[in-house]
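Student: Sequence:
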Amino acid sequence: MKSIVLYFSKKGQNYSGGSIVNLTKGNTAAVSEYIRDIVGADLFEIEPVNDYPIDYYECTDIAKDELRTNARPSVRMLPDNLSEYDTVFIGGPIWWGTYPMPMFTVLEQIDWSGKTVMPFSTHEGSGLGSVERDMKKLCVGANVKPGLAIYGSSVVSAKSDVEKWIKNNLK
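Count the sequence shown with numbering that gives the first Met the number 0 and you get residues 0 to 170, in order.
I should point out that these hints are in silico values taken from the structure, not numbers from a laboratory.
Values in this document were obtained by computation on a predicted structure and should not be read as measured data.
We put the CB at the ideal spot given by N, CA and C, even for glycine.
Check the hints yourself; a few may be wrong.
[What the hints assert, rightly or not] Ranges between beta-carbon positions, derived for each pair:
# : residue 1 : residue 2 : range
1 : I53       : S153      : 32 to 38 Å
2 : G16       : N80       : 37 to 43 Å
3 : S125      : N21       : 20 to 26 Å
4 : S153      : G96       : 16 to 22 Å
5 : D54       : D79       : 30 to 36 Å
6 : K166      : E83       : 20 to 26 Å
7 : G16       : L169      : 18 to 24 Å
8 : D79       : G17       : 39 to 45 Å
9 : G140      : R71       : 19 to 25 Å
[What the hints assert, rightly or not] With a Cα cut of at most 20 Å, we get these calculated SDA-like pairs of lysine to any residue:
#  : residue 1 : residue 2
10 : K135      : S125
11 : K170      : A141
12 : K144      : N167
13 : K166      : K24
14 : K114      : E83
15 : K1        : Y84
16 : K166      : E131
17 : K114      : K136
18 : K114      : N69
19 : K144      : V155
20 : K114      : K10
21 : K1        : N80
22 : K135      : W95
23 : K24       : C58
24 : K170      : G146
25 : K136      : N69
26 : K144      : I37
27 : K10       : G39
28 : K114      : D41
29 : K63       : Y51
30 : K1        : K63
31 : K158      : R35
32 : K24       : E44
33 : K163      : M0
34 : K24       : M0
35 : K63       : T97
36 : K144      : D110
37 : K158      : A28
38 : K144      : L106
39 : K10       : P47
40 : K10       : L81
With these hints in hand, go ahead and build the complete structure from the sequences.
Tutor: Here you go:
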């Protein structure tokens with residue numbers, strides 16, 4: 000089984016444990032690296048052409064507007080042909096109830112036929128939001144497995160939770 004992790008992550012100011020903290024590495028990037036280490040997956044970071052502001056509040060205002068307008072922000076690069084991958088882990092923070100809109104830009108471009116999709120999120124209280132439902136709509140032809148939601152403030156101690164989720168869903 001060959002796997003890849005498609006993820007979006009935001010470093011800089013993030014909401015964590017009731018306050019704004021500055022992250023040198025985004026929470027979703029950390030979880031993506033756990034998955035890489037556990038299953039030997041390749042990593043592909045989804046990066047918008049226009050970076051989001053470091054400031055948490057400015058970023059959330061833009062994210063809210065993008066969701067409201069159903070925007071598809073341009074990304075720096077699309078993943079190469081994913082035909083060699085059986086399993087695609089998809090991860091991102093929950094912004095206003097779902098993944099950030101640049102992820103939709105990428106996910107709508109992929110042929111999902113025959114893939115196993117493993118969605119995961121980092122959040123501070125919203126869990127998976129509508130991610131599982133959104134992935135079932137976007138990833139037509141894929142077997143979308145139950146998702147994993149990890150509090151951003153507990154990412155540093157979540158590797159065993161990630162391992163358990165993978166073990167329970169990739170049989």
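Student: All hints are to be evaluated individually against the structure, with a verdict given for each.
Tutor: Hints versus structure:
no. : hint                   : in the structure
1   : I53 - S153: 32 to 38 Å : 23 Å, violated
2   : G16 - N80: 37 to 43 Å  : 40 Å, holds
3   : S125 - N21: 20 to 26 Å : 21 Å, holds
4   : S153 - G96: 16 to 22 Å : 20 Å, holds
5   : D54 - D79: 30 to 36 Å  : 33 Å, holds
6   : K166 - E83: 20 to 26 Å : 23 Å, holds
7   : G16 - L169: 18 to 24 Å : 31 Å, violated
8   : D79 - G17: 39 to 45 Å  : 41 Å, holds
9   : G140 - R71: 19 to 25 Å : 21 Å, holds
10  : K135 - S125            : 19 Å, holds
11  : K170 - A141            : 16 Å, holds
12  : K144 - N167            : 10 Å, holds
13  : K166 - K24             : 26 Å, violated
14  : K114 - E83             : 10 Å, holds
15  : K1 - Y84               : 5 Å, holds
16  : K166 - E131            : 19 Å, holds
17  : K114 - K136            : 14 Å, holds
18  : K114 - N69             : 26 Å, violated
19  : K144 - V155            : 24 Å, violated
20  : K114 - K10             : 29 Å, violated
21  : K1 - N80               : 13 Å, holds
22  : K135 - W95             : 19 Å, holds
23  : K24 - C58              : 16 Å, holds
24  : K170 - G146            : 15 Å, holds
25  : K136 - N69             : 15 Å, holds
26  : K144 - I37             : 18 Å, holds
27  : K10 - G39              : 24 Å, violated
28  : K114 - D41             : 15 Å, holds
29  : K63 - Y51              : 12 Å, holds
30  : K1 - K63               : 35 Å, violated
31  : K158 - R35             : 11 Å, holds
32  : K24 - E44              : 12 Å, holds
33  : K163 - M0              : 18 Å, holds
34  : K24 - M0               : 28 Å, violated
35  : K63 - T97              : 11 Å, holds
36  : K144 - D110            : 17 Å, holds
37  : K158 - A28             : 13 Å, holds
38  : K144 - L106            : 16 Å, holds
39  : K10 - P47              : 13 Å, holds
40  : K10 - L81              : 27 Å, violated
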